[in-house]
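Could you build all of it, start to finish, from the sequences and the hints given here?
There are 2 protein chains.
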Amino acid sequence: MLYLVGLGLADESDITVKGLEVVKKAARVYLEAYTSILLVDKEKLEAYYGRPVIIADREMVESSSDEILADADKVDVAFLVVGDPFGATTHTDLVLRARELHISTQTVPNASIMSGIGATGLQLYNFGQTVSMVFFTENWKPSSWYDRVLENRNIGLHTLVLLDIKVKEPSLEMMARGKIVYESPRYMTVAQCASQMLEIEEDRKQGAYGPDSLAVGAARVGAPNQRLAAGTLKQLAETDLGQPLHSLVLLGSRVHDLERDYIREFAVDVAVFDEVWKRDYEGKQ
Amino acid sequence: MLYLVGLGLADESDITVKGLEVVKKAARVYLEAYTSILLVDKEKLEAYYGRPVIIADREMVESSSDEILADADKVDVAFLVVGDPFGATTHTDLVLRARELHISTQTVPNASIMSGIGATGLQLYNFGQTVSMVFFTENWKPSSWYDRVLENRNIGLHTLVLLDIKVKEPSLEMMARGKIVYESPRYMTVAQCASQMLEIEEDRKQGAYGPDSLAVGAARVGAPNQRLAAGTLKQLAETDLGQPLHSLVLLGSRVHDLERDYIREFAVDVAVFDEVWKRDYEGKQ
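For the protein sequence lines, the chains are A and B, in the order given.
With the numbering used here applied, the first sequence corresponds to residues 1 to 285, in that order.
With the numbering used here applied, the second sequence corresponds to residues 1 to 285, in that order.
These are calculated hints, taken from the structure and not from any lab test.
Treat the hints with care, as some may be off.
Since the list gives no way to pick one copy over another, a pair counts as held whenever it fits inside one copy or between any two copies.
Claimed, not checked - Distance condition first, Cα-Cα at most 27 angstroms in a straight line; then the derived BS3-like pairs of lysine-lysine:
hint, residue 1, residue 2
1, LYS168, LYS25
2, LYS179, LYS278
3, LYS25, LYS44
4, LYS166, LYS74
5, LYS44, LYS24
6, LYS166, LYS205
7, LYS44, LYS284
8, LYS24, LYS234
9, LYS42, LYS168
10, LYS179, LYS74
11, LYS278, LYS168
12, LYS168, LYS179
13, LYS74, LYS141
Structure, rendered in structure tokens:
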């Protein structure tokens, strides 16, 4: 049996009791370590599980999935995923491959940022489609997400923006010198996301949002040191929310008073928040 | 401290290790028992936790929240919610009330149907806003969800439909005779939902969907006896998925081939599925 086990959002104790039982019994335990991360490292997980953990990087999962699935028709294999196992497309692929090999699969769900973002106090049924933001480079500033944000905004909905993480990326500079050396991991911050959003709006000018649009930055959702900040995109572009992981929610116009009451509590600047709310959001639902 | 603890989707072992530690230590343990249910009863939970559990019905949570919050500035109170604590608006209210009373709160996230629905193989970033379907009566057939579905369909997105549950509803017949007697609990099925959707489309005629629109019915997501069924609304209106809880996803036109491959596996009738797919979905992305 292939078990896909969700680990939740923050640390080792966010695994479910059911998930932990699977991990303790499985013949092999893999940790998917490229679409998201926990706030604790592999060694801590191994000590907690009492089991060795094999790191599965993108290459292994996408190109050598048969290695993960080896003998899974006879023994139990646990594939651990930060958040919920179905949060990333990659894992649907793995299940499809298991089906081809006549290997049974079972999923142990857990909190995903897609629902955990409810911790902001914004109502999940007011969210439109989720988008992803990658790190821009000098020459590569993909903005297909902008069209999705515009669609959401046109019908008054919030947009959850998931922020890029880069782990185990080969250094292009070192590759040019014929060596494979990996860059240090990088995690996009709310400030970087807000500032990239403003850069694209300057370019597109379709008014999906502007510097004064309200948004909520969320850091380390579900952890004891979770931090939330509500403010304009301009303000959030200058707000440091500390350690990863970060996410951002752009508010839709259909925002409810109860949602306002909740997020106002962690406004970067309550006076600015109230002013913008009164001018651009109140009565616009 | 007020702890809001998510219980996940299926049974007692879907609680997280962190959540279970909170429950075992808390001075009082409440179980919110009206927006969703686990597939196990209160007695089983009490045996598992080794603690008495107080059932919190809608009236208690909405009208007597101060009873739940009593002394929570001095002792730990655990408020258990099926799924994730922020899945329902009600709990945001409870946190706001706690803030007013200067009681600290902490949340232990868990799987919600809002993300657990990824178990259908449909990609979460292809979902638009979520809607709720209530039991129709002879004279009351609310259909404001139809406008939301139409908005989602216009931009090609899937719609998750959450289905009504009725627990502890007073019998109107008995009330007329001056007695308070509660009806047996009722849980909407995928078949009932599909048939109510078709009834409203007949009335509205705006083409948000039709009898041949593809949808996925999901029952007991995350449980060992989870069941999925893909088919047209007409087919699903006649498909029995067994015990609760059920949910339904109406497919958007932006559906990806990988999603098709995944859901085709549990088509009610593969020939019909392939025919409808080829005619109405293929190449429409």
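TODO: Indicate which option fits the pair LYS44, LYS24 if close means a Cα-Cα distance not exceeding 27 angstroms: within, between, both or neither.
DONE: both (15 angstroms within a copy, 24 angstroms between copies)
Alpha-carbon proximity context of LYS179 and LYS74, limit 27 angstroms: Neither: 40 angstroms inside a chain and 59 angstroms across chains, both beyond 27 angstroms.
* Is it within, between, both, or neither for LYS168 and LYS25, if the alpha carbons may be no more than 27 angstroms apart? -> neither (29 angstroms within a copy, 41 angstroms between copies)
Give the relationship of LYS168 and LYS179 under a CA distance limit of 27 angstroms: within one copy only, between copies only, both, or neither.
within (14 angstroms within a copy, 68 angstroms between copies)
_If the cut is 27 angstroms between Cα atoms, do LYS166 and LYS74 qualify within a copy, between copies, both or neither?_
Cα proximity of LYS166 and LYS74: none, with 35 angstroms in one copy and 43 angstroms across.
How would you label the pair LYS42, LYS168 (within, between, both, or neither) given a Cα cut-off of 27 angstroms? within (15 angstroms within a copy, 47 angstroms between copies)
Could you place LYS44 and LYS284 in one of the four classes (within, between, both, neither) given a Cα distance threshold of 27 angstroms?
Neither. Shortest intra-copy (49 angstroms) and inter-copy (47 angstroms) distances fail the 27 angstroms Cα cut-off.
Check: Is it within, between, both or neither when you check LYS25 against LYS44 at 27 angstroms Cα-Cα?
Finding: both (18 angstroms within a copy, 24 angstroms between copies)
inquiry  = When Cα atoms must be at most 27 angstroms apart, do LYS179 and LYS278 count as within-copy, between-copy, both, or neither?
reply    = This pair counts as neither: shortest intra-copy Cα distance 57 angstroms, inter-copy 48 angstroms.
27 angstroms Cα threshold - placement of LYS141 relative to LYS74 | neither (47 angstroms within a copy, 52 angstroms between copies)
**Q.** Same-copy or cross-copy closeness of LYS278 to LYS168 [CA-CA at most 27 angstroms]
**A.** Answer is neither: 46 angstroms inside a copy and 41 angstroms across each miss the 27 angstroms cutoff.
Worksheet entry | Status of LYS234 relative to LYS24 across identical chains (alpha carbons, at most 27 angstroms) | neither (47 angstroms within a copy, 44 angstroms between copies)
The earlier numbered hints that this structure contradicts are 1, 2, 4, 6, 7, 8, 10, 11, 13.
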